[in-house]
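Colleague: Here is what each chain is made of, one letter per residue.
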Amino acid sequence: MTTKSGLTKATLASSLAAAIALVSVQAQADAKKTEKCYGVALKGHNDCAAGAGTTCAGTQPIDYDGHYFKLVPKGTCTAMKTPKGAGSLTEKM
Amino acid sequence: MSQAQFAAALLDPDLAAPATVSAGHRSRFAIYRNNVAVSLIEALATRFPAVRRVVGEEFFAEAARLFVARHPPTSRRIAIYGEDFADFLERLPACAEIPYLGDLARLEAARTHAYHAADAAPLGPETLAVLSAESLADLRVTLHPAVAIIVSAHPIVTIWAMNTGEQPFANIDDWRDQAALISRPAIDVEVRILPPGGAAFLTALARATPLAEAAETAQLSAADFDLTLNLAALFSAGLVSHMSMPPEGTIR
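Chains as they are written, first to last, in this note's numbering: chain A, 78 to 170; chain B, 84 to 335.
Treat the hints as calculated values from the structure; they're not laboratory data. C-beta atoms are modelled at their ideal positions from N, C-alpha and C, and glycine is treated no differently. Treat the hints with care, since some could be wrong.
What the hints assert, rightly or not - Going by beta-carbon spacing under 10 angstroms, a handful of chain B positions derived as facing chain A:
1. ALA91
2. LEU211
3. LEU214
4. SER215
5. ASP309
6. LEU312
7. ASN313
8. ALA316
9. LEU317
Unchecked claim - Some chain B residues close to chain A (C-beta under 10 angstroms, calculated; not the full set):
10. LEU175
11. GLY207
12. GLU209
13. ALA212
14. ALA216
15. GLU217
16. ALA295
17. GLU296
18. ALA298
19. GLU299
20. GLN302
21. LEU310
22. LEU314
23. PHE318
24. SER319
As the list claims (entries may be wrong) - Residues of chain B placed beyond 10 angstroms of chain A at every Cβ, according to the derived structure:
25. GLN88
26. LEU94
27. ASP95
28. ALA106
29. ASN118
30. ILE124
31. PRO132
32. ARG160
33. TYR183
34. THR286
Assemble the whole structure, with the sequences as input and the hints as a guide.
Modeller: This is the structure:
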């Protein structure tokens, strides 16, 4: 170890262990409140974020395009009905 | 007639319309001049809703008008117009009794930047599991491009939240300094209060300081710095986009 740190390895190890415990509790608590739902957004109302330095939010060319998603409250996606079928949790081909 | 003259006359209502504008079109030039000012004032109102809420519509419009006359846009991007607005508000004598106004404007300006920052996939909480005490000490991270920190002597996050409808209005009994963390791990810009020492910790990490050293810096800035909490936040709030550890056995 070349670190001239006053923090002991033991402190770091215990903080790391505690942090891992903490994030797993958090993950269970809020397990993502939204899901990506494909094929339900109207033209220009999609939420997707693509590629470094770009955003494709709001660029969807046609209504209910199965290649674009919108974030919706968890558990509601597949129940959404559109003129082109229900929402999908995976990209529609 | 130069473009410069035209541009100067556009921003200063005390200047006459440029000579090349014929007498019959002077009134149209005045309309155009007014539209330029109004559109810039609207851009400020859009970017600084909490400031506007705090000082009120009328005061905001007047302050914005003054600002527009003195600080014409320097960028083509109107979404980030008002970079100096916070400093301007702080120098405005009428704002002296609202000491937090400048920091509030800084927070709102930072949100715009976070919104338009490059996208990057943040490292998730599972990252912690691949780290060991050894690798942790020398770990260097790259913060997510959208991450920004605004340190204030005032409860700036609470004030912002109450003036944007994120939190109901109430008396702030615990009036103390707050450091705001602005981030955008996915699509929405998030604003939260950093724990004690958190600002120093993240600022050090942003300079590629090894993690153990950054933790020490944070401890010096706040005695109650909690490494566990900050470590968890780093990965659960999506603040890190890359990390690098020196390979085992490297001598530096």
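Colleague: Which numbered conditions among the earlier hints are violated in the structure presented, ordered from lowest to highest?
Modeller: 1, 10
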